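Novice: Given next are the chains, with one letter for each unit.
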Amino acid sequence: MRRKLKKILRSNNQKNKQTTTGDQTTSPADKTPISKNIDENEKNLRFLYENSFDVVFREFSIARKEKALLVYIDGMSNLEEIDEHILSPLMKESIDKYYESLSVLVKNVLSVSEVEEINSFNRLTQALSYGKPIVLMEGFDHAVAFGLQKWDQRSIEEPISEAVVQGPREGFNEVLKTNATMLRRRIRSPQFKMKTKQIGRYTTTEIAICYVEGLAEPTLLEEVENRLERIDIDGVLESTYLEEMIEDDPVSPFPQVLRSERPDTAAANLLEGRVVIIIDGTPLVIIVPSTLFALMQSGDDYYNRYMAGTAIRWLRFVFLFIALMFPAVYVALMTYHQEMIPTALLFSIAASREEVPFPVLVEVLLMEFTFEALREAGLRLPKQIGSAVSIVGALVIGEAAVTAGIVSAPMVIVVAITGIASFTIPRYTASVSIRLLRFPLIFLASFLGLLGIMLGLIMLGTHLCTLRSFGVPYLSPVAPLNGSQLKDVIVRAPWYKLNKRPHFTGDYNKYRQAPGQKPGPKKGMGD
Amino acid sequence: METGKISGLQMAIMMHSAILATVILLVPAIMAKEAKQDLWIVPITASIAGFLALFVIIQLHKYFPKKTFIQYSEKIIGRIPAKILSFVYILFFLQTTSVMFRQYAEFVSGNFLLKTPSIVIIASMAFVCAFAVRGGIEVVGRTAQLFIPTVTILFLFLIIFLFNEMDVENMYPVFENGIMPIIKASSSPAAWFSEFMIISFMLPFLKEREGGMKWGIISIVSVVILMVITNITSLFVFGETTVKLTYPIMSAARYISVGDFFEHLESVIMAIWVLSVFIKISVFYYVLVLGTAQWLELSNYKPLVLPFGFLLTVMSVWTPNLPELTDYLKRVSPFNLPLFYLVIPTILLVVAKVRKLSTTH
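First to last, the sequence lines map onto chains S and D. So the first sequence is numbered by my numbering: it starts at 476 and just counts up by one. So the second sequence is numbered by my numbering: it starts at 181 and just counts up by one.
Chain D extracted, bound-state conformation (with noise of 0.2 Å):
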């Protein structure tokens, strides 16, 4: 079905934004709620979520090397079981993609086209994603390995043209709170980290078989890197304001200020970020596609590709507007990301272990 092959570094760039793309906007305000001033250590706390993942599916894959996690569900808990639960994961995976396209939309449409209709925004997005997924896995990896770069390092020039605007006073005290509030603000985050579950989607199409954990460990730590950096500069900008600001990295960008000519820079982080939330929509809707093709047993995943596009256009019109989605993020998701990406995939990993299915499927 997928003929394509990536290598580990195109995987672990695709995992990297995959999960940060639409955390870096909206998540640093969400985790000032609960952790305040110590906001800039959930990402290490919440990375756990992200491991664990990573192990599980790793596990799996080893069950499995060649199958992606639709195909081996059906060899642990049986063929009607498996594609009940795989049809669940469908609706999910398509949900979960309409909300990106809509969180973009509203980003988008709130910030800089005000009288553009959402639809517009969001159908050209899902156009131009389409035409990648079409490509396949190994033309989403390119695509990745060509712009993700560019946009990070973009993303910290910006970053060091805010230095003049910083505070480390605003760190202090570290732990004020004791821990606990820290562990409650991680539940959000460790949700997007518990996306790293679709990695099973890729294991299978990697070059080098061996290298699926090591590269999974390096995109972690790089998102947790990027979200310590992200969090550090809102903090160090806005201090306790963070909190208030619905997306904190584009109302810094207000203020950077370079030599008195580029100012206003928001709408380059804008550019930049819409970058990698075409590589994180990409992934998902390959994987929505992919998923769809397996579960049904097609033999080739293309013709799903443009029918898809459009139930995701019109499913994240349907999806409700920024307040209600910041809510729904808020509460929602700490409980159904991890469900679908964390726990069901551990049951699955001690069924097998308990059933002790060979290793040489």
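If we strip away everything but chain S, and leave its shape as in the complex, we get (with noise of 0.2 Å):
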């Protein structure tokens, strides 16, 4: 029994296997084609949907006369639009002079823009999970799917995990076309191309590869196809699902793709020559080929007046080193180089840890994991009950703690910053990976003191420049130097002055603006 139920299980799985990675008009499951006889048609649906009590058999008849069954699923398909554009029309009794093939029919009498003609049960089984209504008729051995999907879908939101202060207010959402369709209204050229593709046994998750023809580079095109084309997994829910599958590295604490939700970040992506993927069901795409510096970039650096773009940028940069160093700092300079403390602070720093029985170590650590713990649990319970967290954080762990003689109150402090710190990160994933790495260079810091801390940023820079995100290494346009690609690393430089295309992913297509549109009066007058 259970074996059967096995062999069952495995021919189904490589069934769904072939619709996903296969050609959908050549193979062999897709040949199982639509019989003429509608009856036969029917039951046959009716074992494929057996226990699906969301798919729905409505009969009917054409003109009167021919039998004609219409199913779909409900709660994805438009039912206005069916009674109106479908049945209403085809129940007339006038149409029966076009009853003689379906191409006359639906050329005559159907008022649906989107019609497809199907004539196997793998394509029509694909439809309908799309939401497409389907119409099988008496005599003919085809089927014909209409664009009528219609579904709940969240509406256009600001995204929250990529807030910029001013600029445009749009998020994705979870519905690919939606998505899409906020890329094409930014970028109108017909050659902003976007393909589809299936992944995922189960779900046949639908994805977008969209890129700009003539600025992204064929090969990397090749190449992100390539590496999805590999694929074979149960379901996709989430663009982490692909991200994991695709990267260089899979060992590496660094996100080597980028994750945005913001179609404006996306499309300036995709104008630097890059490729974005949209999956449907998450409101984040994935765009490739990433760098660090590309994560530690916010939109609001353009959004802003290019000096204010430059100090944010710098500032950042400082709170990264903050985040990813601080506490380890602390932990050297308390155990190794007590010396390099002012007198003064040091005394001070003395006098409050006076009645800690813990170690420095012990101490940074208790902290940092009583704050991860904090913001994880901030995170996960209900917003009612989220400030009732962070008042028993601020006020036990802070105050409480600190008059119990339990952590020192420069610890406190240490570990609010680097937690703030932390926050600055303009991207969630880096943000996390920096957080992980502080940890080791904690330890480091109290087994060999700064040394420590410096062979963990040695080990943490030759890591980085080994990485690479699609043939792109993953600290340029630092290592390698290209230096007149800084201006849009270390300073944010006015657009006039922005005339190439980043390096290696804008190569294919250099310029990306006429030179010398530096405003001025001496040019305006056009002498």
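Honestly, I wouldn't trust all of these hints.
To be verified - Taking lysine-lysine and the DSSO-like style, the derived pairs with C-alpha atoms no more than 30 Å apart in a straight line are: (1) D:Lys536 x D:Lys247; (2) D:Lys255 x D:Lys387; (3) S:Lys972 x S:Lys962; (4) S:Lys962 x D:Lys394; (5) D:Lys387 x D:Lys533; (6) D:Lys216 x D:Lys424; (7) D:Lys394 x S:Lys985; (8) D:Lys364 x D:Lys216; (9) D:Lys387 x D:Lys247; (10) S:Lys652 x S:Lys672; (11) D:Lys394 x D:Lys247; (12) D:Lys394 x S:Lys975; (13) D:Lys246 x D:Lys387; (14) S:Lys652 x S:Lys582; (15) D:Lys536 x D:Lys394; (16) S:Lys962 x D:Lys387; (17) S:Lys625 x S:Lys542; (18) D:Lys387 x S:Lys975; (19) D:Lys185 x S:Lys975; (20) D:Lys263 x D:Lys533; (21) D:Lys387 x S:Lys972; (22) S:Lys625 x S:Lys668; (23) S:Lys518 x S:Lys540; (24) D:Lys482 x D:Lys247; (25) D:Lys263 x D:Lys482; (26) S:Lys962 x D:Lys185; (27) S:Lys985 x D:Lys185; (28) S:Lys993 x S:Lys962; (29) D:Lys387 x S:Lys985; (30) S:Lys542 x S:Lys582.
What the hints assert, rightly or not - Label-pair restraints from in silico Cβ distances: (31) D:Val401 x S:Arg644: 52 to 60 Å; (32) D:Glu349 x S:Ser823: 37 to 45 Å; (33) S:Ser823 x D:Leu502: 35 to 43 Å; (34) S:Ile860 x D:Asn344: 54 to 62 Å.
Claimed, not checked - Reference listing, derived: stretches of chain S covered by chain D, where coverage requires no fewer than 3 residues with Cβ under 8 Å from a Cβ of chain D: (35) 805–816; (36) 912–926; (37) 943–957.
I should point out that these hints are in silico values taken from the structure, not numbers from a laboratory. Computed from a predicted model, the values in this text were never measured in an experiment. Beta carbons: idealized from backbone N, C-alpha and C, even for Gly.
Grab the two chains, each in its own frame, and use the hints to assemble them into the complex.
Specialist: Here you go:
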């Protein structure tokens, strides 16, 4: 009995695999044809959709004579449109004369813009699962699928994880088509292309590979498609599923693709020659290739005046290092290099540490763990309780622990500043990596002091130098150095200076604008 | 074997720290012994050895553009003699690299981590370097490009903070004892400059084929400039007493005081110095591993990286302690380094010229 079950499951899996990887029209499972006999078709369909309450079968007669069947999935199709544009014209007696072939019917009777003729069950179930209503008719070995999908979707909201102060407020939502439209509305050129593809044995999730023809290097596009092609997975529910399958170096704490829920960020990256992958069911799109510096940039950099943008960028780099190293440096200074701390400060720290029973390392770990736990708890708890947690955190951990002599006040300050610093990193995935890497550095600092921190940083630097994202060195344009590209990394140069697209991704089509557009009275006069 | 490519700038930076990293700490005192207040001129005269080594290697490189020293020695003096010579070279690189580890360990354990056993200090560095060397020349080049500019800028900043302590009078009288003491004092740094020979192991991987000479010269000049700055700093701050200090620059760092808040920055000096020592050791470690792989005609050098890491750690524990090491650097290095870095390559070049080897290998 069990063996039989397994066999069925296996064949089922194989069938699904073929639908995802093979070409739709040539796979053998595709060959199951639609019969001319409508009763047989109905029987087959009912068997396929056994125990699926949401699949609706509606029998009706075309022109009061011929038997026909409408199949759709409840909640995924637009019922009003079906009634108005499919059922009511087909049931009229006057269409009798068109009942000779499907194409004639489609051409003359059915007032639906997106129509597809289907000749196999495979394609039929696929269309059905995308919410398309299907009509089968007696005497025809073709079915018709109508593009009348409609389902509830979250309205377009402000992206939560990537807020900007001034700038577009739209964020992607979970529906691929809506997301694609948002990109199309930003890049209206016909050279903006979107190729679709299905991934997932069971989910057959639709993804779209977007690029601008003439900007994206064809080899990059090919590489992206190849890497996606290899994926054979049960389901894709979020972009990280794909991210981890297409990364260059899977054992790295650093994300090698950029994930964003901002259409403006995605569009800007498309214009720099990168490739965007939209995945149905998640608001986060994948942008490849990515560099470390791309993870450190926010849309706000470009929506502020360039001087402010530059200053904020520098601030972020400083706080990146604080988030990474501050507790480690504190441990190193307190354990090995007390002489570096100014005397007055050293005295006050020593005084507040007098009652603390733990060594600095234990104290740091205690506080860091507590802080991370508070942050995690704050994320998971319902909003109403969230504020309670922060009160408990601030009062109990901050005040009471210090008064009780469990931790010292400077330690609280160190952990708090580190916490704030990690929030300045604009990408959540990057900030998680930095939070993780803090702990090995703390241990190294307690073993070897500043030397340990340096060795840790060297390891980190070396690792970053080995990383690549779709062939682009992760630290470019700093290492390998490309001097002219630094003006969009170290500083944010004004737009009239950014004539060239970024190195590597932009080499295919170097210039993004006409040179010499710096505004000024002399040029404006036209002399 | 090595598929990576480096840019001329990366090569220059790697060579820069391969020379400068250890020189900057120990050598001012050694130079000051003979040259006294003229020690700032010494790097300039000593750099001649660097230019010579560069010239010889570039000439040899022209004969065999895609081969390293180990590989083309075979073409010049025949297979068996070349194998023996290469083996001696590998032993030599093994020894010099382990001396570098020892210098590093002596410096760190003598000044900062007094109680940490030196094997921990050496092994941790060996591990980090092995990590970089495994990545190949490309990764070493990129890390150098990432770290060394930062190191240099921080170093110059620290020197600016020392301006208060400097006394220009310490420089006079210039050429008090004529030119001879300067030439004598040059012997030790000249030995270091001849280390430029290892550029032979980078030239085949250079992206811009013709840029070797240009970037080599830039690299030497930058080393000279930084050495002069270092010497002038220790001369201006300490004057004649430079001789008595083991690490003049470190001692100078103790004088730094910025706004009465940043004081005792020796640890910072150590921290940034570790970065450039890391590059130096990685470069030599890479040369050692690559050279061995080419000597054994292996298809890949990566399996050799970890074993050599262990070997280097052990060898550097065997290496004598600081006083003996300083003595060694003063008495032996001026002879054995130029022998391997300058004399033997020159002989090879002469042989190649005499045998009129064609340049189309």
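Novice: Determine for every hint whether it applies to the structure shown.
Specialist: Okay, the hints, checked on the actual structure:
1. D:Lys536 x D:Lys247: 18 Å, holds
2. D:Lys255 x D:Lys387: 24 Å, holds
3. S:Lys972 x S:Lys962: 8 Å, holds
4. S:Lys962 x D:Lys394: Between S:Lys962 and D:Lys394 the Cα gap is close to 27 Å, so the pair holds against 30 Å.
5. D:Lys387 x D:Lys533: Status holds; Cα separation ~27 Å.
6. D:Lys216 x D:Lys424: Judged against 30 Å, a Cα distance of about 12 Å means the pair holds.
7. D:Lys394 x S:Lys985: 28 Å, holds
8. D:Lys364 x D:Lys216: 11 Å, holds
9. D:Lys387 x D:Lys247: 14 Å, holds
10. S:Lys652 x S:Lys672: 13 Å, holds
11. D:Lys394 x D:Lys247: 19 Å, holds
12. D:Lys394 x S:Lys975: Answer holds: D:Lys394 to S:Lys975 is near 28 Å, not above 30 Å.
13. D:Lys246 x D:Lys387: 12 Å, holds
14. S:Lys652 x S:Lys582: 26 Å, holds
15. D:Lys536 x D:Lys394: Given pair D:Lys536, D:Lys394 holds - Cα atoms ~26 Å apart, limit 30 Å.
16. S:Lys962 x D:Lys387: 24 Å, holds
17. S:Lys625 x S:Lys542: 27 Å, holds
18. D:Lys387 x S:Lys975: With Cα atoms ~23 Å apart, D:Lys387 and S:Lys975 stay inside 30 Å; holds.
19. D:Lys185 x S:Lys975: 25 Å, holds
20. D:Lys263 x D:Lys533: Holds. D:Lys263 to D:Lys533 sits at ~21 Å (cutoff 30 Å).
21. D:Lys387 x S:Lys972: Within the cut-off at roughly 29 Å; holds.
22. S:Lys625 x S:Lys668: Answer holds: S:Lys625 to S:Lys668 is near 24 Å, not above 30 Å.
23. S:Lys518 x S:Lys540: Roughly 21 Å separates the two Cα atoms, so the pair holds.
24. D:Lys482 x D:Lys247: Within the cut-off at roughly 19 Å; holds.
25. D:Lys263 x D:Lys482: 21 Å, holds
26. S:Lys962 x D:Lys185: 25 Å, holds
27. S:Lys985 x D:Lys185: Within the cut-off at roughly 23 Å; holds.
28. S:Lys993 x S:Lys962: Holds, at roughly 16 Å.
29. D:Lys387 x S:Lys985: 21 Å, holds
30. S:Lys542 x S:Lys582: OK: S:Lys542 and S:Lys582 at ~20 Å, within 30 Å.
31. D:Val401 x S:Arg644: 52 to 60 Å: 55 Å, holds
32. D:Glu349 x S:Ser823: 37 to 45 Å: 41 Å, holds
33. S:Ser823 x D:Leu502: 35 to 43 Å: 38 Å, holds
34. S:Ile860 x D:Asn344: 54 to 62 Å: For D:Asn344 against S:Ile860, whose Cβ atoms are near 58 Å apart, the range 54 to 62 Å holds.
35. 805–816: Holds, because 4 residues of the segment 805–816 of chain S bring their Cβ atoms closer than 8 Å to Cβ atoms of chain D.
36. 912–926: holds (count 4)
37. 943–957: Result for this restraint: holds, n = 6.
In terms of the numbered hints stated before, the structure departs from none.
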